[in-house]
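Starting from the known structure of chain U, fit chains Y and V onto it as the hints suggest.
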Amino acid sequence: MADISISSVSVEQEFKSRSLGQETLRRLLKNKGAIIGMLFLLILIIAAVLSGFIYDYDTDVISQNIGERLQWPSRAHIFGTDELGRDIFIRILYGARYSLTIGSGSVLIGLIIGVIFGSVAGFYGGMVDQVIMRTNDILYAVPNIMIAVVIVSLLGTSTFNLLLALCVSASSSFVRIARASVMTIRGQEYIESAYAMGLPTWKIILKHVIPNSLSPIIVQVTLLIGTTIISASSLSFLGIGVPSPAPEWGAMLSAGRSQIRNASYICVIPGLAIMFTVLALNLLGDGLRDALDPKLKK
Amino acid sequence: MFRYILKRLLLMIPVILVTSLVIYFAMSLTGGDPAIYLAPENASDAQIQQIRVDLGLTESFPIRYLKYMAGMFRGNMGTSYVTKRDVFNTFMTRLPNTLQLAGASVLIATLIAIPLGIYTAIHQNTWKDTAGMIFALFGVSMPNFWLGLMLIILFSLKLGWLPSGGKTGLLSLVLPSMTVGLGLAALITRTTRSSMLDVIREDYIRTARAKGCSEKRVIRKHAMGNALIPIITVIGMQLSNVLTGSVLAETVFSWPGIGRLIFESISKRDTPMVTGSIILCSVLMVAINLLVDVIYAFFDPRIKAQFMRKV
Amino acid sequence: MADEKMDYMLEVKDLKVQYNTDAGIVYAVNGLDLCITSKKTLGLVGETGAGKTTTALSILNLVPNPPGKITSGEIFLAGKSVLGMSINELEKMRGNEVAMIFQDPMTALNPVMTVGDQIAESIMLHNKVSETESMSRAKEMLRLVGIDEGRIHDYPHQFSGGMRQRVVIAIALACHPKFLIADEPTTALDVTIQAQVLELIKQLIAKSDMSVLLITHDLGVVAEICDEVAVMYSGRIVEKGTTDDVFNHILHVYTEGLFNSLPNLRERGEELQPIKGMMPNPMEKIVGCSFAPRCPYAAKRCLSEIPALRKMSDTHFVACHAYDDKTFTLKGNING
Chain U
1 MADISISSVS VEQEFKSRSL GQETLRRLLK NKGAIIGMLF LLILIIAAVL SGFIYDYDTD
61 VISQNIGERL QWPSRAHIFG TDELGRDIFI RILYGARYSL TIGSGSVLIG LIIGVIFGSV
121 AGFYGGMVDQ VIMRTNDILY AVPNIMIAVV IVSLLGTSTF NLLLALCVSA SSSFVRIARA
181 SVMTIRGQEY IESAYAMGLP TWKIILKHVI PNSLSPIIVQ VTLLIGTTII SASSLSFLGI
241 GVPSPAPEWG AMLSAGRSQI RNASYICVIP GLAIMFTVLA LNLLGDGLRD ALDPKLKK
Chain Y
299 MFRYILKRLL LMIPVILVTS LVIYFAMSLT GGDPAIYLAP ENASDAQIQQ IRVDLGLTES
359 FPIRYLKYMA GMFRGNMGTS YVTKRDVFNT FMTRLPNTLQ LAGASVLIAT LIAIPLGIYT
419 AIHQNTWKDT AGMIFALFGV SMPNFWLGLM LIILFSLKLG WLPSGGKTGL LSLVLPSMTV
479 GLGLAALITR TTRSSMLDVI REDYIRTARA KGCSEKRVIR KHAMGNALIP IITVIGMQLS
539 NVLTGSVLAE TVFSWPGIGR LIFESISKRD TPMVTGSIIL CSVLMVAINL LVDVIYAFFD
599 PRIKAQFMRK V
Chain V
610 MADEKMDYML EVKDLKVQYN TDAGIVYAVN GLDLCITSKK TLGLVGETGA GKTTTALSIL
670 NLVPNPPGKI TSGEIFLAGK SVLGMSINEL EKMRGNEVAM IFQDPMTALN PVMTVGDQIA
730 ESIMLHNKVS ETESMSRAKE MLRLVGIDEG RIHDYPHQFS GGMRQRVVIA IALACHPKFL
790 IADEPTTALD VTIQAQVLEL IKQLIAKSDM SVLLITHDLG VVAEICDEVA VMYSGRIVEK
850 GTTDDVFNHI LHVYTEGLFN SLPNLRERGE ELQPIKGMMP NPMEKIVGCS FAPRCPYAAK
910 RCLSEIPALR KMSDTHFVAC HAYDDKTFTL KGNING
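Same order as they appear, the protein sequences are chains U, Y and V.
Residue numbers for the first sequence follow the numbering used here, beginning at 1 and rising by one.
Residue numbers for the second sequence follow the numbering used here, beginning at 299 and rising by one.
Residue numbers for the third sequence follow the numbering used here, beginning at 610 and rising by one.
In isolation and in its complexed conformation, chain U is listed as follows (with noise of 0.2 Å):
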């Protein structure tokens, strides 16, 4: 039986035409959560500014005061002291900077990387992409903290060995979206015609390919931070992370831990840090999620 249906006019519902940053911004809004999140994480970030300015490390952050050790939290100390007499307020404040830098720099690199070879294993295929992809399927599979422990003990223990081992960790989820991304695209009509208009294969991958895979990397960053961050202060308890005496919130939890009979702020103050701070990146992450998603769940 031929077809013999209508011909429907097709229906066109009349939207503002918005871009689509617009509206990703304006859905991000609406999600109170996603705005508390970025309030939280803003004051974090000036409070982290501003504490290098008003405090000096070495006279505040890390010297001794025993007479002043071990003091519960009160007006004077707001969190209290450690046992070191420091005063902990500060040192959370100091901290902030190494989680913040460490959380976002070595995502933001591993992203670089992740994204290159990624593209590279996507666009090109074949042998490339299996050696790429296999390597990459071991360091994927591998929790970032048993990579860590696997560097450090090669290369010994220091901020700069940390962040090494975490942008590995990092790029390899970087690398399967990227590739995925790459692939998809790849394969569709208006890639082959900007081959057929003689665009040059780097401009096609810079002007097409990754602004499409744009909305699932941005979200994967802001939750790869907090897992990165928590990364980060799990190692530093260990030992094996930033080295003492900086306030780094892991290393904090760790020398707390011999007070915790008779001090236990000291081993909840940095431990609640550690959490707002996953949470408020979770919660923006959500949001963004959620706000790039066409297919919101209602």
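Keeping only pairs whose Cα atoms sit at most 27 Å apart, straight-line, the calculated DSSO-like set for lysine-lysine is: (1) V/Lys678 - Y/Lys426; (2) U/Lys32 - Y/Lys426; (3) V/Lys748 - Y/Lys519; (4) V/Lys885 - V/Lys940; (5) Y/Lys514 - V/Lys678; (6) Y/Lys514 - V/Lys689; (7) V/Lys701 - Y/Lys514.
Hints are computed from structural coordinates only; laboratory data are not their basis.
Chains Y and V only, in chain U's frame:
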């Protein structure tokens, strides 16, 4: 199906070989000289050199590696610098402790998370959903070693109900497994919820309702069967994180597992122990991955079909 | 419109359904009247977006809520009010007295259950039988729809689209329903498969006493299978009658336009005649006749008053103010 498993087992071998080669090579660079550690005090240079020859340290790298791997199959992976005890044995003695911890954690996590995830999905957008999601969000944002410290403060120090460290019996398993389990539960809750929400919207759910299935049956038989598939995937992916979580929990609670073993060996630069443990750990992880894949196939007939065809 | 003397399987009166979405309220069904006589097949025709699927879902009270809501109207199945039924009564009715098949066979079946289990489930839900008994009945159903019995333990992904739709039909007919709702059952299939499945449906209808609501946008299907036709536009019925009435004695301008827009396969070289304008935005509440903006006969009354379905003969109804004038006829009337 069996042939598939066999094939996978065979594939495990090159993976293990490559990993162990990489690790062995890496560790040999950091080394330290075992002969010096193992020699008695006041040994002469000649005696130390003799020990080196005995240990096979003077041979070339490939030969040393092959001998080492051969040794692994016989249960001989060297002697710890620190404890002077057999590496393989030490690892194997402590392995069950970590497996208990990991197992209990996964159990706690799934028992909490899957019902909670389903509940929040069904009551989407009500206060019950919001409450569940907030719990999950906090759980995913907190470092699990900190949770462990908090649990110690509350349950050991303030309330005195549970021990704060060491393996002293069943009760001592509670806090460490909750430490790892609650974080995992938070993650699985979120996954379960989103998986359920996706499945509920599918056409076959509408078909089931049109057939006259009660809502309860729709959820239980039709939705769950399909929603479980991605959930199991996520749990499988998290297993290596459970292992790392165990490292942290073992540290906080002084639990005698392999996590802490690896950790302390690294701090004490006990090369043979580190090498041996990491290699054995990677074998373990590969085996667990295989197990998860097989379980997965039982839940998804489409994957089962692929497995059958692959052979 | 419903004649008290007739025996109606389905009666819908002034049904209104809306969806409350993020972007606003979508008025999907706006005062729909419909009735289907027992043992007859009614074709519900309309373009995409006219509200046909929503109407079908409403009959079983399956409109997803949220975001959908039946805001007013009545639905009677064999005399019983659907909207007044309890959950239990609804569940007993669904799949049993009233069955529904949907458009996309690729996603209509549960991927992790065998087709046999899915058919048997339908049987066991509404009959007190053993598992073995239900399985053997399921095998019968497979035979009925032309699938080899031996495939009873296969999974949906092992079947092609056309065969999956046959399974869907088997599930729907497993409890011998008195009323079948088929929502565009062949639209998603390849053309040659469409013909096969339609032939199957035609045979099954002929063999049984079922009343059928067949939703489609394909007038050819209507001509083949249906006894009666109802034309739907923007959430309302604009014309209803027997197939002969509607095909050969068109009353509504929209129906005329539909027939005119069909490409004539015999007279090639003729221009296509689309209907001018577009269907109204379902997010806007419509005042007056929804077709008025596109209608060449529109008068002032059409912009303010919604036309009710007017009886033009025992079987033929049209919703148009133009017929206030008893001598009015469509100028481009297709006859014969």
